[in-house]
Each structure stands twice: as C-alpha cells, then as structure tokens.
Amino acid sequence: MTALLEVQNVSRTFGATRAVDNVSFAVQPGELLGLIGPNGAGKSTLFNLIAGVMPPSGGQIILDGTKVTGRKSYKMARAGVARTFQIPKPYRQLSVIENVMISAFLRERSVTAARDLADVTLSDLGLAPYRDRPASELTVGLLKRLEVARALAMQPKLVLFDEIMAGLTPTEVGAMTEIVASLPARGITVIWVEHVLYAIMKTATRMVVINRGSVIAEGTPAEVARDPLVVKAYLGEEMQLA
Amino acid sequence: MTAMPAKPGLLQQISGLPQRGHMSWFEIILLAICVAWVAFGIAPTFQDVVVLSFLFAGLALAWNIAGGCAGLISFGHAAFFGIGAYTSTILFLNYNVTPWIGIFVGAVAAAVAGAVLSLICARLKGPFFILSSLAFAEVARIIALNWSSVTGGAEGLSIPPVPDLANMVLGSKTAYEALTLVYLLAAYAMTRWLEASRFGFYLFAIRDNDEAAAAAGINPLMVRSAAMALSAALTGMGGTLFAQYFLYLDPTYVISPELSFQFALLPAVGGLGTAVGPILGSFLITPLSELLRANLGNAAAGLHLVIYSAGLIVVMLYFPSGIAGALEKLKPRRPQR
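Protein chains in written order, with our numbering: chain A, 1 to 242; chain B, 1 to 337.
To be clear, the hints were calculated from the coordinates, so they are not data collected in a lab. Since this is a predicted model, take the numbers as computed values, not measurements. Each hint should be verified, as a subset may be incorrect.
Stated by the list, open to error - Dumping the calculated DSSO-like pairs for lysine-lysine here, alpha-carbon to alpha-carbon at most 30 Å: (1) A:157 x A:67; (2) A:75 x A:157; (3) A:202 x A:157; (4) A:202 x A:232; (5) B:329 x A:89; (6) B:125 x A:75; (7) A:157 x A:72; (8) B:125 x A:89; (9) A:72 x B:125; (10) A:157 x A:89; (11) A:89 x A:67.
Said to hold, decoys possible - Below, a sample of chain B positions facing chain A; criterion: calculated Cβ distance under 8 Å: (12) 198; (13) 214; (14) 216; (15) 219.
Each residue gets a CB set at the ideal place from its N, CA and C atoms; glycine is no exception.
All chains should be modelled from the sequences, with the hints used to inform the complete structure.
Below, the structure written as structure tokens:
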C-alpha cells in the first residue's frame, strides 16, 4: 500500500531556531493520525509546511507518490489537501454560508451546486441555524466549527485539523469527535493536532508525538500514553485510557 | 434555515440593499428615474452636472471592483483613466480610428496596465499597496507630460469640436447624458453579475483573508490581477468618455492625484463593496462639488473645498460604511439564495 502522505526528513529553521527538525512519518489512506506535543513543539509549523504556506528548509513532502515539496498553498488545496487554522481566519464580511461556498467552489463550479454543497456541510456541523449570519458575529466555538466546515466543503483527500476543539464545550467536543471519526469512512484521511487529549486519544488510529521539533514517539494511542518519554515531555503523568 | 422575519415592511424593502446579484426596488426605482430624467430632458440647465454625475458614478463602480470588492485600495486609478483617454484620442487624431473602437482599445491598454501594477505590487498590502498605486499614477503623469510628441505634453490634446456621431462627438448635452448613463448602467450590470459569480466570491475572499483564500485553492495573485485589470478597463472607458465630452485632455487634470482620490472617495461615501453605493456616492458628491465650485469658487478661493472637505469628514465619522451601509442597518439580513 502506498502512503497518501510521506513526510521525509523535513526541517524548518527560523534564524537559529529549528522549529521542525528532521521529522519523518507517513500517513496511509483512511488513517486518522493524531499529532500531539507540548506548545512550541513545531506542530503548527509542520502543518504549514505540509499545506504549502512556507517551504521546508530541508527534506521532502510526497503526496500520493508525487513530490510536492515547496508547492504553494493554493496548489496543495487543489491537489486535495485541506486545512483549518488554529486561529480561525473567517471571511469576516461574508455570511456563514458564503464562507463555506468559497471552499465548495474548489470542486463545484456553479454557484447553485456550491451553495447546495455548503448547505449540506453546514447541516453536518450544526451550523445551519447560523447560515445567514455574518462570520464576524460568531463566537470562537462557532468559528472553529466554521473552519472545519470550510475544510470539508473542499471535498479533500487529506485534511489537517489544527486544534479544532479548543474553546468548545464538552457537548460540542463530543459532537465534533463523532464528525471527525466519521471522516475516514467517507474517504477522507485526517491528520489532527489537538490538546484536548481525551477526544484525540479515543478517536485516532495512530499517534505521532513531537517535542522540540522532533518525533519522540509513534504508535497507537495506548502505546504513546505509556511511553516514558511522552509522559515526561508532555503528559506529566500516565494517562488512563478507557 | 433561520427563522425569517415575517414579511419585510415596505420601508425595509425600499431602503434595503438586495441580496448579492439581485436588484432591490430601491435600485430599480433609482435607475428608472435616471433613464426618465434623460428621456424627458428634465432640468436642462443642470445637464453638465448630470453628465458628470453619471460618468463619475460609472467610474466609482469601476474603482469599487478593485477597492471595494477585492480590497485593493488604489490611489492610482487616474493612470488607467488617462491611459483610456489618451489611447482613444491619439488613435483618433493620428490614425483616424473612431473613438467607438478606441474606447475598447483604451480599455485593453488600461487592463494591461492594471494587471502589470498588481503583478509588480504582488507582495504589497494595505498602505504599501496604496502608496505604490499613487506612485504608479505619478509615473504615468510624468510620462504623459514629457512624451509631448505623442501626448502633446502640458499643452494637451484637443479634439475638433465637429459634432459627428461616428466620431463620438455628440451634438447635444442630452446625447452625452444618454451616453454616460449607458456607461453607468453597464458598470452597474457588471458589478451585479460579478458579485453573484464564482469570481466575485473569490474577490471577497482575497479581500477578507487571502491566507484562507489560498488554503481554499484560490490563487491570490491571479485573482488580484484579474480584478485590477477589470477595474482598470472600465476606468479607461470612462477616460475616453471624458475626453469625448470635454474634447480636451491634459496630464495635469486627467492623471492627477485629485482625480484618483475622487474615484476612491465616491464609493467610500456611498458604501464600499456594494453595487448601489458608488452610484449614491457620485449622485451626492458630484453635484455638491460642482455647485460649490460654481457658487463659491469666485467668492473666496478654496472656500468650496473647505466646505466640501468638512462635509466628507462628517460622512466618514457618522456613516463609516457609507450611505448604503447605513441603509442596510435599517433592515434585517435576508438569506443567500
């Protein structure tokens, strides 16, 4: 089986800082890969490298067997990679449905088809009641959901979620977890960065843990939760998984 | 589906801004009045003001495509206006090409200039883009001033005042009213079409957040260049109409910063990014500035500018989203359909 995404020895330096240092991992189609690590570990930088926001200083990124290292973000989007932003970036002057329509236009060329797809996506995420509100009026929790809606309306092969649970109530976390868990069955592979550990640990099929720009552990959620290095660097204490 | 407000009242219908791509009753009535005004020859003594109001409404709509919809605030649109005016006039005077064709050649020339400007300024945003657009127009003005073998330099160019429809030199002011009204309506239709189209959504996306737009598969540089080219083309056509109305062109007015500011100001007063805003802006400001100039220009030099500027400050303070924005606040938001 060929991997959907291969990250090979990828590094990124900012001046003297190595934000991402020789990171390698692969994601198989249909996987739900959790990516965790302490603040400043380099998770968001890694996302930006994969999504094409900035080129890596070294290493290769391979999507579906094609080298895509350093490709611009709009090209990565067209190649089937969607992402959310940790700090939501809505189109503030547009309504919620219009925000989602812009993503839907990636695969649906007509306005009507894009609107229909956006409507379905909004219902899936429980955003239908806010359909015609300006995005500038949404609360943080709703903006996070809007980020997810926009990513999914692109009908991607691979989606990168960057802390989509932050700011959500426990009920909302439950609903969102169900949505994320349903994606592999719809043919969408997921890489998910999250600090809300109980959500990611019970949903992810595999985990990669990074600290100070490097991978320190990889395995099933249960394996990494027991790993002494992970406990020391991030968890602080052993995590009991249900 | 959100709960819809029970039947919007008449006031809301009249005052309201329409959904994207759709006309409201307010706009239909407004534009119908314009057509009737020209058809029935109302207020023959103010025909100069009417021609200019129509022309500048079209120019404001043209500027609004870049500045309002795509967020490319330009203080250099006089360059495109000048390119359009000079292209058609030079083609007519030197090569006997009718301005009816020249207007489109000028539009293409202005579009190329617009695309070049946005490619050069690809990485510049906000104030940096504004400053470079201003500099771009200054460069165009200096070229026009010094390339006198073609442009006539500071002396300018004159079109022989011989009325001939074939040469777009019209015999009556009513005919010019009709011509500039057609220009206004074309710019309005273009804006309405644009904002309901996929491309229009792309403009709004790069205006509001170009990083998010790129993540959604939109190439910001392409969209910016296309928006600027379209806006510049329409502005260039306005330049040709201006030249054919006044039958005289010189760089000091046609490519002046004042003109660039005027293009930006009208949509800002009327309502940025809307289709009716730039029209309202021009209908308010153009007659006001003409009347002030005519009545106070001789009494005390510059007094009309002081009053004019004070009025603008008041509008900016109390209606930051323009007249159209103030009207929109009066009505509930209707769903996207």
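Can you give the numbers of the hints that this structure goes against, from lowest to highest? none
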